[in-house]
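Engineer: Position chain B relative to chain A; hints supplied.
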Amino acid sequence: MSRLSTVLNDLKSKKERGLLCYITAGDPDQNRTIEIACALAEAGVDALEIGIPFSDPLADGPSIQAASQRALENGMTVHKTLEVVRAVRAQKPSFPLILMTYYNPILHYGLEKYAADSAEAGADAHIVTDLTPEEAERWKLASIENKLDTIFLVAPTSTPERIKAVSKLCSGFIYCVSRTGVTGARDDVPVELADTVARIRQHSDLPICIGFGISQPVHVRKIGAFADGVVVGSALVNLIHENRNSPDLLTCVKEYCETLKSATRSSQA
Amino acid sequence: MKVTTYDIQRQMPDSNGRFGPFGGRFVPETLIPALDQLAAEYELAKEDPRFQAEMDGYLKNYVGRETPLYHAERLSQQFGGRIYLKREDLCHTGAHKINNALGQILLARRMGKPRIIAETGAGQHGVATATVCARFGLKCDIYMGFEDIERQSLNVARMRLMGAKVIPVTSGTGTLKDATNDAMRDWVTNVRDTHYIIGSVVGPHPYPMLVRDFQSVIGREARAQILDREGRLPDYLVACVGGGSNAMGLFYPFLQDGSVKMIGVEAAGEGIETGRHCAPLSAGSPGVFQGSASYLIQDNDGQVAPSHSISAGLDYPGVGPEHSWFKENGRAKYVAVSDAEALAAVRNVAETEGLIVALETAHAFAYLHTMQEEHLLKDDSIVIINCSGRGDKDMNTIVRELHLV
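Top to bottom, those sequences are chains A and B. The numbering of the first sequence is our numbering, which starts it at 30 and goes up by one. The numbering of the second sequence is our numbering, which starts it at 67 and goes up by one.
Rather than coming from a laboratory, the hints here were simulated on the basis of the structure. Please note: incorrect hints may appear among the correct ones.
[As the list claims (entries may be wrong)] A few chain A positions that, by computed beta-carbon distances, are all more than 12 Å from chain B:
{"no.": "1", "residue": "Arg61"}
{"no.": "2", "residue": "Cys67"}
{"no.": "3", "residue": "Val226"}
[What the hints assert, rightly or not] Quick list of simulated restraints, FRET-style, between CB atoms:
{"no.": "4", "chain 1": "A", "residue 1": "Glu287", "chain 2": "B", "residue 2": "Phe202", "range": "49 to 59 Å"}
{"no.": "5", "chain 1": "A", "residue 1": "Asn103", "chain 2": "B", "residue 2": "Ser219", "range": "27 to 37 Å"}
{"no.": "6", "chain 1": "B", "residue 1": "His441", "chain 2": "A", "residue 2": "Ile173", "range": "55 to 65 Å"}
{"no.": "7", "chain 1": "B", "residue 1": "Phe202", "chain 2": "A", "residue 2": "Ser275", "range": "52 to 62 Å"}
{"no.": "8", "chain 1": "B", "residue 1": "Asn127", "chain 2": "A", "residue 2": "Lys193", "range": "43 to 53 Å"}
{"no.": "9", "chain 1": "A", "residue 1": "Leu140", "chain 2": "B", "residue 2": "Ile233", "range": "28 to 38 Å"}
{"no.": "10", "chain 1": "A", "residue 1": "Lys193", "chain 2": "B", "residue 2": "Ser219", "range": "42 to 52 Å"}
{"no.": "11", "chain 1": "B", "residue 1": "Asn366", "chain 2": "A", "residue 2": "Lys193", "range": "37 to 47 Å"}
{"no.": "12", "chain 1": "A", "residue 1": "Arg273", "chain 2": "B", "residue 2": "Gly420", "range": "56 to 66 Å"}
[Said to hold, decoys possible] Calculated Cβ distances over 10 Å to all of chain A for the following chain B residues:
{"no.": "13", "residue": "Gly297"}
{"no.": "14", "residue": "Lys327"}
{"no.": "15", "residue": "Ile338"}
{"no.": "16", "residue": "Lys399"}
{"no.": "17", "residue": "Glu417"}
{"no.": "18", "residue": "Leu442"}
C-beta: ideal position from N, C-alpha, C; glycine also.
Isolated chain A, as found in the complex (with noise of 0.2 Å):
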């Protein structure tokens, strides 16, 4: 079983909802996105989605586009990622590492060659925002040669076909995106999102997890109710990057992880 089957796993039988993040490689700088990524382990956080900037991040929201226009700036790339993901990976055996990121960088690298040196780094998984499952089966085939899981989005305006046809390319998890939006913190859980959750269920057995918009504990325990783990990723990038000259920033981005954490524990509904 994949590393990140079995962390998501064991928080079911454990009966905890799972918390991932994300963080943009390259924002503030190569060095403290490790440095980061490693904290956030410890901090408790169950997988961690670090994500490969792109030029043109049309899924993402302001928090997102800003940080992968800083991270450009400071010189990120592909490669330099895969850097991380290796940095990480030797301090963080057992740390669920997923990719996340758009078609085009990826493709320019090699389909093939960016699994295989993905995987040999020490990425358990990726998200490409872009690839829906009808352009996904050279990709899919290259993440089955290299043992990685392919995780596609569910969205709240997907027919019951899609969700078929997501739910069978996906492994490890299916991300479930909360409303029809980019990428962003938001103040509130749509109230269709538990509807949306019980659809994707009719079609997989797979955990779900909700991204796009969540921010606090209480979305969290919202959120634990139905669905399996959350992902947070404006709101810690904003934290990050506010903090970014501060000699507290893995103080505060540990704290902040830690209580998000802690509403995972008191989500069952």
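Structural biologist: Just chain B now, with coordinates in the frame of chain A:
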């Protein structure tokens, strides 16, 4: 791969929106159902005589079609051959863009979507969209890069006058590609009640097909007009290519006419060798950008590189997937001309024919010099240039660059 005669039997794109290895759909999952709905609605509309009659009626009485095919005698004397101009600059709003905006808004009405969004570079597509939104009473938001708002201020005012909201885009390079990203983000968020009118033959399936079909009226008319005037098909079709909608509109109805050579003219900006250009077909490589697989300008890490052109409408690092396919299979040839050459062409066409053409359009005219140098223009050669838009919107730039005041 080289093919000399185009495969008549094969319908392009295929059901996955593929033109050979190009096209497809590379967008967030949230949008897929809306793209399916759009494709299905379009199939129904195509077969619906009422839709066709409605479209034809507005094209005739609102847009002002058919547009003339004008024999540019003085340009012909200057360069050789018989040069004809397809006068899309005479369309209502001053460019070909309205052909597509009209078709798409009729589809949006069929789908019951009350709100329209669009991206715009030069502002011509934004104006065309604002125009049809005013005509049909739909809410209209236009995304436009801050740099383009600056260089095309007249078009910004036109859009506002017609009740559209122009939303400045400051992310990235503040040009057309960033406006497109922001329009996509808006669409992902408001997909249930909003239709996104993409302005060129780019983006995820079915847009490249849809926009091509709505613009094909250009080539259908031109083909009938030239047969009527000259009794034979032209030797060359020449059109500028940014995303490539006016070129595709002209080329597509001639696709099966193997003797007709097609030339798409990209913007070489300050020169291909400087890296400051927007000529993905001439100097880019295949990739995936803004919803489809196509040629694009990218760096060694697969990041989309900033583009440059004096013409805001061509200032785009990608290009339509079907153009990529024509490049690959040899059906069309793609070349590039610089900012300076385009500006010189604006002046030349103004002086010889009394036509002030758009900076985008001027790129097609500028290529006449190369055709002359390469002795492509014999006395009996027939050339059709797509005169895709008029230059009023560019007067600020033209005045500055040509020191007219």
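Engineer: If a hint holds in the structure, say so; if it does not, say that too.
Structural biologist: Evaluation of the provided hints:
Every C-beta of chain B lies more than 12 Å from that of Arg61/A, the closest at about 21 Å, which supports listing it as non-interface. Remark: the non-interface label on Cys67/A is consistent with the geometry, its nearest Cβ contact in chain B lying 25 Å away (cut-off 12 Å). No Cβ of chain B comes within 12 Å of the Cβ of Val226/A; the nearest lies about 15 Å off, and the non-interface call holds. Between Glu287/A and Phe202/B, the C-beta spacing of about 54 Å keeps the proposed range 49 to 59 Å intact.
About 35 Å separates the C-beta atoms of Asn103/A and Ser219/B, a value consistent with the hinted range of 27 to 37 Å. At roughly 57 Å, the beta carbons of His441/B and Ile173/A sit within the given window of 55 to 65 Å. Taken as a hint, the range 52 to 62 Å holds for the pair Phe202/B and Ser275/A, whose Cβ atoms sit roughly 54 Å apart. For the hinted restraint 43 to 53 Å between Asn127/B and Lys193/A, the CB-CB distance of approximately 48 Å keeps it satisfied.
The given range of 28 to 38 Å is respected by Leu140/A and Ile233/B, whose C-beta atoms sit roughly 36 Å from each other. Against the hinted window of 42 to 52 Å, the Cβ-Cβ separation of Lys193/A and Ser219/B comes to about 50 Å, which satisfies the hint. Our hint of 37 to 47 Å for Asn366/B and Lys193/A holds, since their Cβ atoms are close to 39 Å apart. Separation of Arg273/A from Gly420/B is about 59 Å and conforms to the stated range, judged on CB atoms against 56 to 66 Å.
Its beta-carbon lying about 47 Å from the closest one in chain A, Gly297/B satisfies the requirement of being farther than 10 Å from that chain. Consistency note on Lys327/B: stated as away from chain A, and its beta-carbon is indeed over 10 Å from all of that chain's, at 32 Å minimum. For Ile338/B, the condition that its CB be more than 10 Å from all CB atoms of chain A holds, with the nearest at approximately 20 Å. The Cβ of Lys399/B sits about 26 Å from the closest Cβ of chain A, beyond the 10 Å cut-off, so the non-interface label holds.
At the 10 Å boundary, the C-beta of Glu417/B stays outside the reach of chain A, the nearest C-beta of that chain being 41 Å off. Against chain A, the non-interface label of Leu442/B holds: every CB pair exceeds 10 Å, the least being about 36 Å.
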